[in-house]
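Note that the protein sequences, when read in sequence, are chains A and B.
Going by our numbering, the first residue of the first sequence is number 1, and it counts up by one from there.
Going by our numbering, the first residue of the second sequence is number 1, and it counts up by one from there.
No wet-lab data here; the hints were simulated from the structure.
These numbers come from a predicted model, not from an experiment.
Keep in mind that a hint or two might mislead.
If several chains are the same, the list does not tell them apart, and a pair holds so long as it fits within one copy or across any two.
Okay, derived cross-link-like pairs now, EDC-like style, lysine to aspartate or glutamate, Cα gap no bigger than 16 angstroms in a straight line [to be verified]:
| hint | residue 1 | residue 2 |
| --- | --- | --- |
| 1 | K18 | E56 |
| 2 | K18 | D53 |
| 3 | K91 | D126 |
Protein chains: 2
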Amino acid sequence: MPILVQKFGGTSVANAEKIRRAAGRAIEAKKRGNQVVVVASARGQQTDELIADAKEVHPNPPKRELDMLLSTGEQQTVSLLAMAIDAMGHKAISFTGAQVKIMTDDSYTKARIQSIGADVIRGKLDDGYIVIVAGFQGMEAGGNITTLGRGGSDTSAVALAAAMGADFCEIYTDVDGVYTADPRIYKKAVKMKQISYDEILELASLGAGVMHSRSIEFGKKYNVTIHVRSSMNNNEGTYITHEVPLLEGILVSGATIQKDLAKITLNSVDNKPGNAARIFEHLAAAKVVVNDIIQTEISADKANVSFTVGKSDLLTAQEAIEKIRKGVHCDSVFVRENIAEVSVVGVGMRSHYGVANMMFKALADLKINIEAITTSEIRISCLVDIKDAIKAYETVCDAFELDKTVEKRNQPK
Amino acid sequence: MPILVQKFGGTSVANAEKIRRAAGRAIEAKKRGNQVVVVASARGQQTDELIADAKEVHPNPPKRELDMLLSTGEQQTVSLLAMAIDAMGHKAISFTGAQVKIMTDDSYTKARIQSIGADVIRGKLDDGYIVIVAGFQGMEAGGNITTLGRGGSDTSAVALAAAMGADFCEIYTDVDGVYTADPRIYKKAVKMKQISYDEILELASLGAGVMHSRSIEFGKKYNVTIHVRSSMNNNEGTYITHEVPLLEGILVSGATIQKDLAKITLNSVDNKPGNAARIFEHLAAAKVVVNDIIQTEISADKANVSFTVGKSDLLTAQEAIEKIRKGVHCDSVFVRENIAEVSVVGVGMRSHYGVANMMFKALADLKINIEAITTSEIRISCLVDIKDAIKAYETVCDAFELDKTVEKRNQPK
Numbered sequence: 001m002p003i004l005v006q007k008f009g010g011t012s013v014a015n016a017e018k019i020r021r022a023a024g025r026a027i028e029a030k031k032r033g034n035q036v037v038v039v040a041s042a043r044g045q046q047t048d049e050l051i052a053d054a055k056e057v058h059p060n061p062p063k064r065e066l067d068m069l070l071s072t073g074e075q076q077t078v079s080l081l082a083m084a085i086d087a088m089g090h091k092a093i094s095f096t097g098a099q100v101k102i103m104t105d106d107s108y109t110k111a112r113i114q115s116i117g118a119d120v121i122r123g124k125l126d127d128g129y130i131v132i133v134a135g136f137q138g139m140e141a142g143g144n145i146t147t148l149g150r151g152g153s154d155t156s157a158v159a160l161a162a163a164m165g166a167d168f169c170e171i172y173t174d175v176d177g178v179y180t181a182d183p184r185i186y187k188k189a190v191k192m193k194q195i196s197y198d199e200i201l202e203l204a205s206l207g208a209g210v211m212h213s214r215s216i217e218f219g220k221k222y223n224v225t226i227h228v229r230s231s232m233n234n235n236e237g238t239y240i241t242h243e244v245p246l247l248e249g250i251l252v253s254g255a256t257i258q259k260d261l262a263k264i265t266l267n268s269v270d271n272k273p274g275n276a277a278r279i280f281e282h283l284a285a286a287k288v289v290v291n292d293i294i295q296t297e298i299s300a301d302k303a304n305v306s307f308t309v310g311k312s313d314l315l316t317a318q319e320a321i322e323k324i325r326k327g328v329h330c331d332s333v334f335v336r337e338n339i340a341e342v343s344v345v346g347v348g349m350r351s352h353y354g355v356a357n358m359m360f361k362a363l364a365d366l367k368i369n370i371e372a373i374t375t376s377e378i379r380i381s382c383l384v385d386i387k388d389a390i391k392a393y394e395t396v397c398d399a400f401e402l403d404k405t406v407e408k409r410n411q412p413k
Numbered sequence: 001m002p003i004l005v006q007k008f009g010g011t012s013v014a015n016a017e018k019i020r021r022a023a024g025r026a027i028e029a030k031k032r033g034n035q036v037v038v039v040a041s042a043r044g045q046q047t048d049e050l051i052a053d054a055k056e057v058h059p060n061p062p063k064r065e066l067d068m069l070l071s072t073g074e075q076q077t078v079s080l081l082a083m084a085i086d087a088m089g090h091k092a093i094s095f096t097g098a099q100v101k102i103m104t105d106d107s108y109t110k111a112r113i114q115s116i117g118a119d120v121i122r123g124k125l126d127d128g129y130i131v132i133v134a135g136f137q138g139m140e141a142g143g144n145i146t147t148l149g150r151g152g153s154d155t156s157a158v159a160l161a162a163a164m165g166a167d168f169c170e171i172y173t174d175v176d177g178v179y180t181a182d183p184r185i186y187k188k189a190v191k192m193k194q195i196s197y198d199e200i201l202e203l204a205s206l207g208a209g210v211m212h213s214r215s216i217e218f219g220k221k222y223n224v225t226i227h228v229r230s231s232m233n234n235n236e237g238t239y240i241t242h243e244v245p246l247l248e249g250i251l252v253s254g255a256t257i258q259k260d261l262a263k264i265t266l267n268s269v270d271n272k273p274g275n276a277a278r279i280f281e282h283l284a285a286a287k288v289v290v291n292d293i294i295q296t297e298i299s300a301d302k303a304n305v306s307f308t309v310g311k312s313d314l315l316t317a318q319e320a321i322e323k324i325r326k327g328v329h330c331d332s333v334f335v336r337e338n339i340a341e342v343s344v345v346g347v348g349m350r351s352h353y354g355v356a357n358m359m360f361k362a363l364a365d366l367k368i369n370i371e372a373i374t375t376s377e378i379r380i381s382c383l384v385d386i387k388d389a390i391k392a393y394e395t396v397c398d399a400f401e402l403d404k405t406v407e408k409r410n411q412p413k
């Protein structure tokens with residue numbers, strides 16, 4: 001009998017009615033002939049509420065104890081889900097991460113899964129149970145409870161699918177799949193049927209926020225097809241898979257936009273080994289999240305170093321930079337506020353030339369100035385002024401026909 | 001270094017401020033030279049809220065899953081307590097019942113502790129930690145989480161004290177000890193310095209509700225002195241101990257009153273083996289809590305069977321009785337509503353005559369009629385009409401000088 005893993009996020013189990021709906025889905029999947037493993041997150045905003053409780057007694061709660069606290073959220077959900085399934089006349093049993101031996105390292109609050117003991121789960125599946133496992137949590141070798149960090153339930157689900165030899169992992173969420181572009185901005189965006197692990201990783205790191213990156217890495221490594229879909233309807237969502245010919249052929253799978261960025265440029269930095277490390281070490285210590293970094297030599301021993309940060313981090317970043325300037329010489333610091341980043345992502349770039357050109361031309365046609373450019377193997381990002389951001393995003397989406405499903409595009413396939 | 005176990009009930013950890021106060025107490029005890037183990041209950045009304053959550057998805061939640069759910073309440077408290085102690089600059093570590101191997105049978109929702117592995121706790125105590133253990137919960141042999149039933153945290157605490165070889169277990173609660181009588185009714189009641197395990201067991205079963213009975217049994221069996229005291233001040237509370245000469249000498253330690261009772265009498269029941277079992281089996285099946293039972297032969301083959309129930313159970317009890325009458329013949333059923341039970345408890349009854357007489361005389365002096373009498377080795381209970389209840393209680397308390405501490409009484413010591 002095939003094994004199916006279903007994961008329900010916090011919004012999909014936020015109240016009794018939604019818990020019953022999730023229970024109903026698990027039962028349907030079982031009736032269709034699957035052995036079903038369910039992974040669940042904490043209900044609604046509970047994790048945030050527990051963090052607030054912790055902050056009330058400790059400004060910086062010890063991480064081991066924080067994990068002890070936060071893991072209760074998922075434990076509550078899984079027991080309630082098991083009850084709901086029982087109430088509908090089917091056998092169900094819930095487990096904590098520790099009980100099914102989801103073993104992790106001891107990096108509390110951001111632990112990494114090392115192994116999963118599939119025996120307990122397999123035994124209960126063979127006895128006809130729907131098995132419900134608390135997401136987001138595991139146990140380190142000493143028996144202490146760990147958590148996997150934000151979005152960790154996705155990782156639990158895909159890792160469990162891998163450990164159980166499941167072909168599919170369904171991620172139920174409050175969106176009905178992955179879109180070619182942000183539908184709130186580019187109204188013509190369409191839902192993708194498929195996307196590759198590499199592409200979704202780029203999209204995720206650009207703030208598309210559909211799936212936890214580590215879960216995608218698990219899926220890629222262990223060959224688990226991930227199906228992102230809505231918990232509110234029965235529509236097919238988006239399958240995240242290895243690259244398939246259909247995907248390889250197209251130029252661009254999706255486009256993202258990040259607004260509220262600021263760019264900081266350090267002019268004429270001494271181009272000595274260790275200077276870059278020193279700069280970004282200080283920023284990391286100040287907990288500034290740095291997006292793109294651009295460094296270019298301007299002479300034999302001088303370089304300009306630029307990077308973007310979220311606008312909310314700008315002040316902290318500037319303070320950190322002032323400290324850096326005591327150790328790392330630079331002529332001046334230039335801050336550009338109010339910029340946005342428009343990116344396109346696609347594995348097709350690997351085999352097709354001219355993708356960058358298409359993007360630059362689309363922007364040039366509207367006389368939109370490009371402030372900076374960065375690229376990866378499957379991504380091109382352009383920084384533009386915030387006043388041009390929406391226009392830039394729409395024209396790029398149009399240029400790559402992101403309003404059409406893959407089959408209907410006129411580009412090389 | 002002596003080991004001290006401190007237990008904080010739900011009201012003593014209901015919010016951040018109270019958690020900090022409990023943390024402060026644990027630290028003080030450590031500074032006084034103890035190794036400190038803290039046992040905590042779920043915060044405030046949380047257990048009730050979780051039960052309500054469960055009822056929303058299942059009218060009669062499976063007990064294994066209910067324990068999985070309810071055990072999260074205590075887990076949250078212990079991690080928050082550990083954080084609070086850390087914030088005050090002392091080392092603390094929290095554990096679930098499972099993590100410190102509180103092994104129970106598999107009677108979910110009312111499991112009994114079978115053994116406790118003291119090694120983990122001892123190791124952390126020796127490393128200088130204050131160790132905080134989730135009360136109310138354990139683990140059965142298969143690794144499933146169990147709970148010990150209402151008030152189970154008391155049992156966890158005393159059992160841990162026994163397992164760790166602690167001489168004392170402090171129970172912090174919202175009352176400042178055990179009183180000779182209910183101070184809401186008998187204003188002159190005084191706090192007892194000491195009371196024996198046997199006496200508090202009788203008082204508990206009579207509704208005084210200070211401590212969970214099973215915890216007292218543990219204390220008695222393993223020689224743990226229990227100190228019931230207030231979490232709001234530093235006053236000495238009441239020590240629950242084995243009998244000591246001081247206690248043995250006095251006639252009566254305390255008095256209780258239970259109002260809102262009803263008495264049901266079955267007249268002329270066939271006095272055949274098995275009839276009593278049949279009657280009370282039916283009442284138990286209907287979940288009627290039966291207090292006292294009085295059976296007297298009225299002829300060679302007939303008996304009258306009386307018992308008291310809470311007024312709220314009266315209708316259910318009467319329905320059960322009607323069913324019983326099909327199988328167990330009786331001439332008539334007589335129901336006496338609106339009665340109360342006044343009881344006195346004291347180990348001194350074992351060695352002093354005339355205690356019953358003192359009680360009956362006190363009631364007779366006020367012309368209060370006694371509807372029924374039951375006794376145990378260390379208890380005498382009289383049923384009286386509800387209209388006489390307060391008066392009866394007060395006069396009995398006066399008769400046994402329950403307004404005075406033991407040392408000041410004029411009775412034989």
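Status of the hints after comparison with the structure:
1. K18 to E56: between (30 angstroms within a copy, 11 angstroms between copies)
2. K18 to D53: The answer is between: 13 angstroms across copies meets 16 angstroms, while 25 angstroms in one copy does not.
3. K91 to D126: Within one copy only: 12 angstroms inside a chain, 45 angstroms across chains, cut-off 16 angstroms.
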